[in-house]
Structure formats: structure tokens, C-alpha cells
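Trainee: Here the protein sequences come in this chain order: A and B.
Residue numbering for the first sequence is 1 to 113, as defined by this note's numbering.
Residue numbering for the second sequence is 1001 to 1113, as defined by this note's numbering.
No lab work stands behind these hints: they were computed from the structure.
Computed from a predicted structure; not experimentally measured.
Ideal placement from N, C-alpha and C gives every residue a C-beta, glycine not left out.
Please note: incorrect hints may appear among the correct ones.
Unchecked claim - Estimated spans, in silico, between C-beta atoms of each pair: (1) 29/A - 1073/B: 42 to 52 Å; (2) 54/A - 1016/B: 51 to 61 Å; (3) 1018/B - 71/A: 37 to 47 Å; (4) 70/A - 1113/B: 38 to 48 Å; (5) 97/A - 1001/B: 44 to 54 Å.
Said to hold, decoys possible - Under 8 Å between C-beta atoms, here's a sample of chain A residues computed to sit facing chain B: (6) 46; (7) 89; (8) 98.
To be verified - Derived list of chain B stretches under chain A, where covered just means 3 residues or more per stretch with a C-beta under 8 Å from a C-beta of chain A: (9) 1011 to 1018; (10) 1102 to 1110.
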Amino acid sequence: GNSVTQMEGPVTLSEEAFLTINCTYTATGYPSLFWYVQYPGEGLQLLLKATKADDKGSNKGFEATYRKETTSFHLEKGSVQVSDSAVYFCALSGDTGRRALTFGSGTRLQVQP
Amino acid sequence: SQTIHQWPATLVQPVGSPLSLECTVEGTSNPNLYWYRQAAGRGLQLLFYSVGIGQISSEVPQNLSASRPQDRQFILSSKKLLLSDSGFYLCAWLGDRGTDTQYFGPGTRLTVL
Chain A
1 GNSVTQMEGP VTLSEEAFLT INCTYTATGY PSLFWYVQYP GEGLQLLLKA TKADDKGSNK
61 GFEATYRKET TSFHLEKGSV QVSDSAVYFC ALSGDTGRRA LTFGSGTRLQ VQP
Chain B
1001 SQTIHQWPAT LVQPVGSPLS LECTVEGTSN PNLYWYRQAA GRGLQLLFYS VGIGQISSEV
1061 PQNLSASRPQ DRQFILSSKK LLLSDSGFYL CAWLGDRGTD TQYFGPGTRL TVL
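Required output: the full structure, derived from the provided sequences and hints.
Mentor: Pasting the structure below:
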């Protein structure tokens, strides 16, 4: 079945540091890939997505490229801010029946001033 | 524009008591709806999904049930809560049947004591 593996957290960075959160997946077919962000006490917000190989999703300075050859969708940002502190979830949707998402376990990012 | 509501936002219930969580969606019709649970420090687990009124599919055998009495209303219930039912419950809807993007409500934090 489908699965998503994310790097363990928490990830602690200083403001303006470069961020990478690794995400790899296992899926049949050609899934869509997503990054969601969860701020403390809130629901999930869609951060970015990519629907086919070599697509790059981007939003709010974050980027991720759909790499089919390495089955990866790593999240990057060139300069993080304190306001980026949150939990980040990688997810995929390749289930044509349920149209449900398979999530990774989440990575907590803490950005220090 | 579409919005999704969940209530209550937080809930503290004793073991053995009943549960009813509600989710409503505005601005769309006949959406796919989903209930996910997020246990402390873990990823999201799909509990139920629904493709229409009265149509419920259960993903994980457990102490919970779901119903969809109206097109844009999705209810999560239990007759007798267990300690293990504690968690953050998220409702989501599928934005467009031609895509795989899901949009989440603000969530309900349930603590069973």
C-alpha cells in the first residue's frame, strides 16, 4: 500500500537559516504529492502541491519538487522566520477510489530568533 | 468561497460517555467528506469517508461511527468513549472531484479522562 516517510523532528533552526525537510514515498501509479502545515492548536492548511513528476510546488517561500526517480518530495525554504514554526506534513493521494490522503508522521519545526 | 466548520473546538469527556462531533461545509455541494484522527505526536489516520448522503465507509474498526444525514453535514459519534479515543479530530472535504486536494476544518481536540 501507499506510505509516506518523513524525517524525524523536531528540527530547530535559527531565523534566516536554510530549511530542508525530507519526504519519501511509496505508491503505485502516479500520486499527487502535498505539503500541509499545522500551526499550534489549528487544523491543517495546504502549503503546496505537485501533481506530476518534475512539477515544483511553491508557496510563501517554500518549494518542493516531485522527484519520481527518487520517490521524494523534500520541502525547502531559503530563509526561515519565527512565524514558520509549525508541524509540517507530507502527504500523497493516489487512491482513485477513496480519494483519501496518506500522511507522514509530521515534522515539527522550531525557529529561534 | 467554500468553508468548513467543526464543533466543538475542545471537549473533555469521561470514559464511557457518548460523543458527537459535527462538521459542516459551505459553498459546495455533494463533496467527498473525511474524518481523520491525529493522536499526540503522530500523523493523521483516516477514520471514515463519505461520497454522499447516507454513504459511509469505515477505514479502521474501532469504537467510533460516522453518519451523513445531509449533503454538507458529517457527524462522528461514539456510544461509549475509551481513553484511547483522545486525540485531535479533523474533518476534510475534497475540493474538486477532478483533483486530489483536501481542505481541512479547524479540528476538535478531544480528551477522554
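Trainee: Determine for every hint whether it applies to the structure shown.
Mentor: A quick look at each hint next to the structure:
1. 29/A - 1073/B: 42 to 52 Å: violated, 32 Å
2. 54/A - 1016/B: 51 to 61 Å: For residue 54/A and residue 1016/B the Cβ distance comes to about 53 Å; the hint holds.
3. 1018/B - 71/A: 37 to 47 Å: At roughly 43 Å between Cβ atoms, residue 71/A and residue 1018/B fall inside 37 to 47 Å, so the hint holds.
4. 70/A - 1113/B: 38 to 48 Å: holds, 46 Å
5. 97/A - 1001/B: 44 to 54 Å: At 28 Å between Cβs, range violated.
6. 46: With Cβ-Cβ at 6 Å, under 8 Å, it holds.
7. 89: holds, 7 Å
8. 98: Cβ of residue 98/A sits 5 Å from chain B, so the hint holds.
9. 1011 to 1018: Check failed, 0 qualifying residues.
10. 1102 to 1110: holds (count 7)
When each numbered hint is compared with the structure, violations occur for hints 1, 5 and 9.
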